[in-house]
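Number of protein chains: 2
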Amino acid sequence: MIKGSQSIQFDKSPFLISSGSIVGKKEGEGPLGNLFDVVGEDDLFGEKTWEAAESTMQKEACLLALGKAHVTPEEVRYIYGGDLLRQGIATSMGMEALQIPMFGLYGACSTSGEALALSSMAVAAGYGDLMLAVTSSHFGSAEKEFRFPLGYATQRPLSAHWTVTGSGAFLVGTRKSHVRISGVTVGKIVDYGLKDSQNMGACMAPAACDTIIQNLEDFERKESDYDRIITGDLGYVGQSILFDLIRKKGKDIKPNHMDCGMVIFDQKKQDTHAGGSGCGCAATTLASYILPKLEKGEWKRILFVPTGALMSTVSFNEGESVPGIAHGIVLEHC
Amino acid sequence: MIKGSQSIQFDKSPFLISSGSIVGKKEGEGPLGNLFDVVGEDDLFGEKTWEAAESTMQKEACLLALGKAHVTPEEVRYIYGGDLLRQGIATSMGMEALQIPMFGLYGACSTSGEALALSSMAVAAGYGDLMLAVTSSHFGSAEKEFRFPLGYATQRPLSAHWTVTGSGAFLVGTRKSHVRISGVTVGKIVDYGLKDSQNMGACMAPAACDTIIQNLEDFERKESDYDRIITGDLGYVGQSILFDLIRKKGKDIKPNHMDCGMVIFDQKKQDTHAGGSGCGCAATTLASYILPKLEKGEWKRILFVPTGALMSTVSFNEGESVPGIAHGIVLEHC
Chain A
0 MIKGSQSIQF DKSPFLISSG SIVGKKEGEG PLGNLFDVVG EDDLFGEKTW
50 EAAESTMQKE ACLLALGKAH VTPEEVRYIY GGDLLRQGIA TSMGMEALQI
100 PMFGLYGACS TSGEALALSS MAVAAGYGDL MLAVTSSHFG SAEKEFRFPL
150 GYATQRPLSA HWTVTGSGAF LVGTRKSHVR ISGVTVGKIV DYGLKDSQNM
200 GACMAPAACD TIIQNLEDFE RKESDYDRII TGDLGYVGQS ILFDLIRKKG
250 KDIKPNHMDC GMVIFDQKKQ DTHAGGSGCG CAATTLASYI LPKLEKGEWK
300 RILFVPTGAL MSTVSFNEGE SVPGIAHGIV LEHC
Chain B
0 MIKGSQSIQF DKSPFLISSG SIVGKKEGEG PLGNLFDVVG EDDLFGEKTW
50 EAAESTMQKE ACLLALGKAH VTPEEVRYIY GGDLLRQGIA TSMGMEALQI
100 PMFGLYGACS TSGEALALSS MAVAAGYGDL MLAVTSSHFG SAEKEFRFPL
150 GYATQRPLSA HWTVTGSGAF LVGTRKSHVR ISGVTVGKIV DYGLKDSQNM
200 GACMAPAACD TIIQNLEDFE RKESDYDRII TGDLGYVGQS ILFDLIRKKG
250 KDIKPNHMDC GMVIFDQKKQ DTHAGGSGCG CAATTLASYI LPKLEKGEWK
300 RILFVPTGAL MSTVSFNEGE SVPGIAHGIV LEHC
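Line by line, the protein sequences give chains A and B.
Here numbering that gives the first Met the number 0 is used: position 199 in the first sequence is 198, and no number is missing along the way.
Here numbering that gives the first Met the number 0 is used: position 166 in the second sequence is 165, and no number is missing along the way.
The set of hints was computed from the structure by calculation and includes no laboratory data.
A quick note: this is a predicted structure, and the numbers were derived from the prediction, not measured.
Be aware that one or more of the hints could be misleading.
Which copy? The list can't say, so a pair holds if one copy fits it or any two copies do.
Okay, derived cross-link-like pairs now, EDC-like style, lysine to aspartate or glutamate, Cα gap no bigger than 20 Å in a straight line [as the list claims (entries may be wrong)]:
1. K295 with D226
2. K143 with E317
3. K2 with E74
4. K143 with D195
Work out the full structure: start from the sequences and follow the hints.
Here it is in structure tokens:
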């Protein structure tokens with residue numbers, strides 16, 4: 000069951016039973032627009048604040064995932080959820096209505112991987128038949144949390160990301176589906192000493208490299224054993240750094256790499272610079288674009304690696320570097 | 000293994016092998032002062048900022064727990080850690096040095112319970128022989144994060160808590176010790192609609208009641224089956240509300256209740272109002288005061304219930320209420 004130094008291979012793999020995705024207007028206008036379950040008309044989803052909107056997205060994403068599987072909230076044993084906001088309020092306020100026992104998580108944009116890892120670990124251990132993994136991000140609440148008030152219309156460097164407004168929820172359990180979670184690789188904190196919070200791709204690429212290499216080693220696999228190796232939100236800058244770092248380890252993932260941050264927006268038409276980011280980026284791309292390909296068997300096995308940049312405005316202002324973390328989830332068609 | 004609607008009883012209980020506690024000057028002058036492993040001379044622990052001090056406390060608490068058990072960081076499979084700061088930077092920056100794969104958590108002051116629950120669940124599932132659970136809080140960084148700059152010398156209402164400067168770390172694993180974690184009760188978010196962030200005891204008491212009642216029900220126990228039922232940081236205000244709420248459920252925990260926030264400071268001499276609070280409060284009290292009593296067998300079985308108030312300055316300013324969450328950990332002498 001324990002594989003190598005950081006991974007677990009499940010003896011009895013839990014299934015990814017269903018998913019729910021809900022996004023904002025801009026995401027709906029992007030290349031994956033018609034694949035999401037719900038696209039909001041504005042980014043407030045009927046609420047008065049971005050934070051409340053984010054909470055509503057989380058709740059709706061969970062209800063979508065539950066609805067598709069004809070499961071009620073009472074049947075779900077535990078929720079594993081998180082977001083980018085201080086003290087995870089989007090999750091706390093959003094999940095309250097479901098009244099499911101909850102583990103609150105924080106792993107920056109890697110949180111969807113963390114939530115899937117912990118929920119599949121819990122199912123495989125027999126701690127319950129149904130768990131929910133949910134994450135979200137919101138452009139408005141994230142800019143407010145990490146950068147400048149939107150009203151300033153601050154210029155953004157080309158290395159900056161555009162936070163995805165969206166939430167993805169996943170029902171993980173023992174009930175058979177066409178996608179199973181066969182293993183996980185839990186990530187370490189990797190710090191190359193970079194301090195540019197407007198270049199998160201560069202900050203996260205070393206962590207992505209570390210987790211991918213460790214996954215290949217722990218499971219004794221080669222790059223081509225995965226139809227795709229899919230990072231969360233490295234974007235254009237982070238991807239090229241990742242390729243270099245992986246090459247230095249004697250591996251090459253260029254032919255089968257994909258980054259959720261690069262497919263969720265049309266970089267040129269939508270002016271999203273380095274690409275999409277946020278807890279909602281990898282989660283909604285997994286729910287809308289990746290899972291259907293796994294369900295149909297178009298892809299047999301993928302490595303899903305959401306990446307997170309660990310920082311806050313306080314750590315940034317105090318001159319701390321921005322370390323990264325990435326968790327790897329092995330998803331297989333079955 | 001699954002017990003009732005929210006609990007797990009471990010077939011093969013993991014052991015709480017060792018602990019580490021490190022606190023600030025004020026905590027060192029309190030009633031538990033001579034029980035902590037390390038008491039700082041000031042609250043900076045050699046660092047330049049409170050946030051960096053908190054990171055250092057976390058690292059040192061982990062090293063203390065590891066050292067006592069003669070374990071190296073390389074032998075630990077996963078860390079489960081969290082703190083109160085936005086984006087959990089105390090944990091991210093503190094745990095980086097240990098290079099152990101990490102799950103970042105957020106459950107406000109309930110996080111020590113969350114970390115112990117997840118690490119014991121992982122050990123019991125066979126995902127590794129050694130896990131670390133660590134949490135921290137710091138008076139300086141918490142006041143800055145949640146309230147006013149200390150330089151304002153703002154008056155505090157009597158219902159306010161004094162955030163504990165401290166970190167507690169716990170090594171959980173398969174190696175036999177005299178304390179085992181026999182079960183956990185995962186908490187739900189409970190919201191009574193209170194909006195006073197300076198009265199966290201009142202905000203958290205309903206969640207504590209919910210988890211305690213659920214634990215008794217799930218494990219089919221009565222109050223007296225526990226030598227102590229120990230909440231994290233309800234304080235004087237929260238405790239009296241908890242007693243009332245529990246009484247309404249037809250139970251009485253008055254004879255065997257203890258609250259970490261009420262024992263860590265001398266309320267009158269130290270002017271700490273409602274009592275201590277923070278992720279470090281329950282964790283350092285468990286490490287210094289509770290565990291030795293369990294190890295010696297003075298207490299045979301306790302229910303440890305850290306409680307958290309889910310809020311941020313943003314949620315508070317936007318008029319949201321302050322829901323609570325509490326996780327229950329059953330610790331037994333063996």
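Status of the hints after comparison with the structure:
For the identical chains of this complex, K295 and D226 are intra-copy neighbours only, at 13 Å inside a copy versus 55 Å across copies, given an alpha-carbon limit of 20 Å. In this homomeric assembly, K143 and E317 come within 20 Å of each other (Cα to Cα) both inside a single copy, at 19 Å, and across copies, at 13 Å. In the homo-oligomer, the alpha carbons of K2 and E74 lie at most 20 Å apart only across protomers (14 Å), although the nearest pairing inside one protomer, at 31 Å, exceeds that limit. Within a single copy, K143 and D195 get their C-alpha atoms as close as 18 Å, which meets the 20 Å cut-off; across copies the closest is 24 Å, which misses it.
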